[in-house]
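Whole structure, please, built from the sequences with the hints as guidance.
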Amino acid sequence: MICNACPRRCGAERTEYSPGGICACPSLPLVARAAPHYGEEPCISGSRGSGTVFFSGCNLKCVFCQNHEISRGGIGRAVTVERLSDIFLELRDKGVHNINLVTPTHYTDAIVKALERAKLDIPVAWNSSGYDSVESLRRLEGLVQIYMPDFKYADSALALRYSAAPDYPEAARAAIFEMFRQVGPFELDDDGMLISGVLIRHLILPGAEDNSRAVIDFVADNFPGDDILFSLMAQYTPMPNTERFPELQKTVTAEENDALVDYMTQRGIYNGFWQEPCSATDDMIPDFDLTGV
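With the working numbering applied, the sequence shown covers 1 to 293.
None of these hints come from the bench; they were simulated from the model.
Possibly wrong hints are sitting among the right ones.
[To be verified] Derived DSS-like pairs (lysine-lysine); straight-line CA-CA distance at most 30 Å: (1) Lys-94 - Lys-113; (2) Lys-250 - Lys-61; (3) Lys-94 - Lys-119; (4) Lys-113 - Lys-61.
[Said to hold, decoys possible] Computed beta-carbon distance windows for the label pairs: (5) Pro-19 - Leu-188: 25 to 31 Å; (6) Lys-119 - Glu-276: 36 to 42 Å; (7) Asp-93 - Thr-253: 24 to 30 Å; (8) Gly-95 - Glu-247: 23 to 29 Å.
Glycine included, every Cβ here is placed at the ideal spot set by N, Cα and C.
Here is the structure:
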């Protein structure tokens, strides 16, 4: 297949088992793990866990990626559409609150087919980098109830430096607007679990407070009131292979985090979550050992 699924529109030829494109993946999904996961926001993980499918490869490939083993490491097993559909159903049968698709963008075609086959009766969450094309997202309408995009960069220079994607801010804004168009204001069930809506996540990067403030401004200006959930994350952890980026060799300070939490409140964002800098560990990174695949 000739792939233009994401904003890079690289036009690569990706066959079922032969990788291609920026993501360097085949068209059949590579899955590194499929199991209940408890490391998401409380309204996603709940008491029974989120049925999380970790896909390998990535169309963004941030230099600081916490899941670098699978985003760049090639860990994962290729599964057919039928097997992927069965994985969704097996997770549902474990009693999870939702099906959580992590880094799914470059497998949109197969995921759409698997979801259509599975006909799930629990929410499906699209857990992406935010670097999604509007055209691909429109194919998910009616199949996905929860969108969990990152909004990593409002600063195109940072997007270029860390992800080779200077168009990221524009692409992410367009994607988030499309996500919201599809699912509307967020809705929680009686147990406080998210059953539909948009949860925007932003990872604070050390020394990049201006970028974070601009992300907060976007959310406050475009989604005032009770429309969306926002998660401000201080869990940045220095990863291998970032030596050429000295500014990424440290964690977020308590002062940086407190200032941004205060700014979020000043801008009227109350629905959501924030973390303490002590979250900056790798404890919640799961083993990508093909569990459930």
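Problem set entry | Hint numbers contradicted by this structure | 5, 7, 8
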